[in-house]
Amino acid sequence: MWNCEEALERISAELDGALPPEEQVALDEHLRSCAACRALRAELAGLHAALPGLDEIPAPEGFADSVMRAVAESAREPADNVIPFPKKTRRSPWKGWAAAAAAFAVVVLGIAAGNGAWGGFAKTVDSAAVYNGAANPQVLESSAESDTISSADSGINSNADISTSIAVNDTAEFSSKQSVPDEECIDCNGDDVVTVDLPAAVDYYEHPDLGLTYRAVLTISGGSAPDWLMEEYEFTQNGAVQSCILPAQELYALAQELELTLEELDPDAEYSLLLVTES
Amino acid sequence: MTEQELTARAKQGDQDAFAQLVEANQNRIYTLACRMTGNPEDGADLAQEIFLRAWRTLPSFQGESSFATWLYRLGSNLCIDFLRREKRRRSAAAVTSLDDEDTAARTEIPDHRFTPESELERRELRDAVGRALLKLSDEHRQVLVLRELDGLTYSEIAARLQLEEGTVKSRIARARLSLRNILLSDGNFSPPASSTISKPTRKE
Numbered sequence: 000m001w002n003c004e005e006a007l008e009r010i011s012a013e014l015d016g017a018l019p020p021e022e023q024v025a026l027d028e029h030l031r032s033c034a035a036c037r038a039l040r041a042e043l044a045g046l047h048a049a050l051p052g053l054d055e056i057p058a059p060e061g062f063a064d065s066v067m068r069a070v071a072e073s074a075r076e077p078a079d080n081v082i083p084f085p086k087k088t089r090r091s092p093w094k095g096w097a098a099a100a101a102a103f104a105v106v107v108l109g110i111a112a113g114n115g116a117w118g119g120f121a122k123t124v125d126s127a128a129v130y131n132g133a134a135n136p137q138v139l140e141s142s143a144e145s146d147t148i149s150s151a152d153s154g155i156n157s158n159a160d161i162s163t164s165i166a167v168n169d170t171a172e173f174s175s176k177q178s179v180p181d182e183e184c185i186d187c188n189g190d191d192v193v194t195v196d197l198p199a200a201v202d203y204y205e206h207p208d209l210g211l212t213y214r215a216v217l218t219i220s221g222g223s224a225p226d227w228l229m230e231e232y233e234f235t236q237n238g239a240v241q242s243c244i245l246p247a248q249e250l251y252a253l254a255q256e257l258e259l260t261l262e263e264l265d266p267d268a269e270y271s272l273l274l275v276t277e278s
Numbered sequence: 000m001t002e003q004e005l006t007a008r009a010k011q012g013d014q015d016a017f018a019q020l021v022e023a024n025q026n027r028i029y030t031l032a033c034r035m036t037g038n039p040e041d042g043a044d045l046a047q048e049i050f051l052r053a054w055r056t057l058p059s060f061q062g063e064s065s066f067a068t069w070l071y072r073l074g075s076n077l078c079i080d081f082l083r084r085e086k087r088r089r090s091a092a093a094v095t096s097l098d099d100e101d102t103a104a105r106t107e108i109p110d111h112r113f114t115p116e117s118e119l120e121r122r123e124l125r126d127a128v129g130r131a132l133l134k135l136s137d138e139h140r141q142v143l144v145l146r147e148l149d150g151l152t153y154s155e156i157a158a159r160l161q162l163e164e165g166t167v168k169s170r171i172a173r174a175r176l177s178l179r180n181i182l183l184s185d186g187n188f189s190p191p192a193s194s195t196i197s198k199p200t201r202k203e
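Chains as they are written, first to last, in numbering that gives the first Met the number 0: chain A, 0 to 278; chain B, 0 to 203.
Be aware that one or more of the hints could be misleading.
Stated by the list, open to error - So the derived label-pair ranges between C-beta atoms look like this:
id	chain 1	residue 1	chain 2	residue 2	range
1	A	W227	B	Q14	19 to 29 Å
2	A	A69	B	E2	15 to 25 Å
3	B	S184	A	A239	43 to 53 Å
4	B	A67	A	R68	48 to 58 Å
5	B	T68	A	P19	28 to 38 Å
6	B	E4	A	E28	49 to 59 Å
7	A	P19	B	G12	50 to 60 Å
Stated by the list, open to error - Residues from chain A shown here face chain B by an in silico Cβ test under 8 Å; the list is partial:
id	residue
8	D15
9	G45
10	A49
11	S223
12	P225
13	T235
14	A239
15	V240
No wet-lab data here; the hints were simulated from the structure. Here a beta-carbon is modelled for each residue, glycine too, at the ideal position from N, C-alpha and C.
Chain A on its own, in the form it takes in the complex (with noise of 0.2 Å):
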């Protein structure tokens, strides 16, 4: 005999009409001596008769206008219809804020660097990191590639070297090519600290029924896979293999970054298949 949760469920079941037969049998005797389940019964079923009723929401006034004006900027843009391959870029930017911090910290690095003025350095890439609160540790990571960041060690860590390098950062023009010394660290523009545009609504793509093809994969096998990755994307498990789909562009900046070839599929396709199989 169900107890009046277990019978619940089966009646949420037979309003959806998926209740085996030998359950309706079970559920009738439960609710033969259960007045209260009856009446839950009916009330769900009014519930259920209710639901597909409901009225459309009027969008609100000027919607559609705001939604064209959001087009015609997205065909302005370059990468509207066809996906560019990325530019090199310095850090995967999957997070605009991520690159964006990583950004003011090689700025501030620049102009710590322009002055000599090595401890500060030292500190404005703390701070960067700090910053970002819970930021991904990648952030100083990248920052930090030329080996300058261990020589800056000895740092002088007063608040003041922050706040006169962030000053600094208002006033003084420093070209991010003279700041950084490893070339593979940044393009030299300014302007191509974030090379690859992404949806800033929109972090991952994890659903493989979406109806489109993919414009590459990238495997990846388990033991060579960093934790960061793991930790950032969240997967899907099939088999022994776990998949997280991603916008087009996010996956090559992630074949970039972890210096992996992917494999290229469908050109004109805006999503991107990442796999990590089982080592």
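Since the structure of chain A is already known, use the hints to place chain B on it.
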């Protein structure tokens, strides 16, 4: 111009044609986004994002279904993504959040009931249900929208949300119970005085 013609033109980059498609579908998509997210602000942002995504993805649309169906599915997927991000954001913010199923299991059935009988009552019920739906937890609202408004089966919902079918089944049941409890506690119905109902016994 038919939807098909408009779609073909929009696919070639015709923004005016796309504008007509937006016009024709905006209420449905906005409704979807509001019902899934549970609030009009997120709903409006997400609805815009859905159309923008549709515009960008249109070149890969093969016409295997109608534009409206394709758009709705795209929208539904973006809503699911949105809720997943929200969940992750929230769980990052609040470490000690109670498990959804667990919380729901503790929901008591209030000592009232409603049985709408007249057309007016049904009308009122629909309005109240629409409001109550927005008060459900994201997880409950999501499965209920997919089931009751989009008409998906348990297995389809399970595939979309990457859940076990059994989880979907029990979550829908709890979502229904929660919805009913919200309706009652909101006082949208004046319950007959005489009824009593026992609290469901917890398993184990």
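Hint check:
1. W227(A) <-> Q14(B): 19 to 29 Å: 40 Å, violated
2. A69(A) <-> E2(B): 15 to 25 Å: Given about 22 Å between the Cβ atoms, the range holds.
3. S184(B) <-> A239(A): 43 to 53 Å: 48 Å, holds
4. A67(B) <-> R68(A): 48 to 58 Å: Violated, at about 23 Å.
5. T68(B) <-> P19(A): 28 to 38 Å: 31 Å, holds
6. E4(B) <-> E28(A): 49 to 59 Å: About 58 Å separates the Cβ atoms of E4(B) and E28(A), which means 49 to 59 Å holds.
7. P19(A) <-> G12(B): 50 to 60 Å: Since the Cβ atoms of P19(A) and G12(B) sit about 52 Å apart, the hinted range of 50 to 60 Å holds.
8. D15: Holds: closest Cβ of chain B sits about 7 Å from D15(A), inside 8 Å.
9. G45: 6 Å, holds
10. A49: Holds: closest Cβ of chain B sits about 5 Å from A49(A), inside 8 Å.
11. S223: 25 Å, violated
12. P225: Since chain B brings no Cβ nearer than about 20 Å to P225(A), farther than 8 Å, the hint is violated.
13. T235: Cβ of T235(A) sits 6 Å from chain B, so the hint holds.
14. A239: 17 Å, violated
15. V240: Hint on V240(A): violated, closest Cβ of chain B at ~14 Å, above 8 Å.
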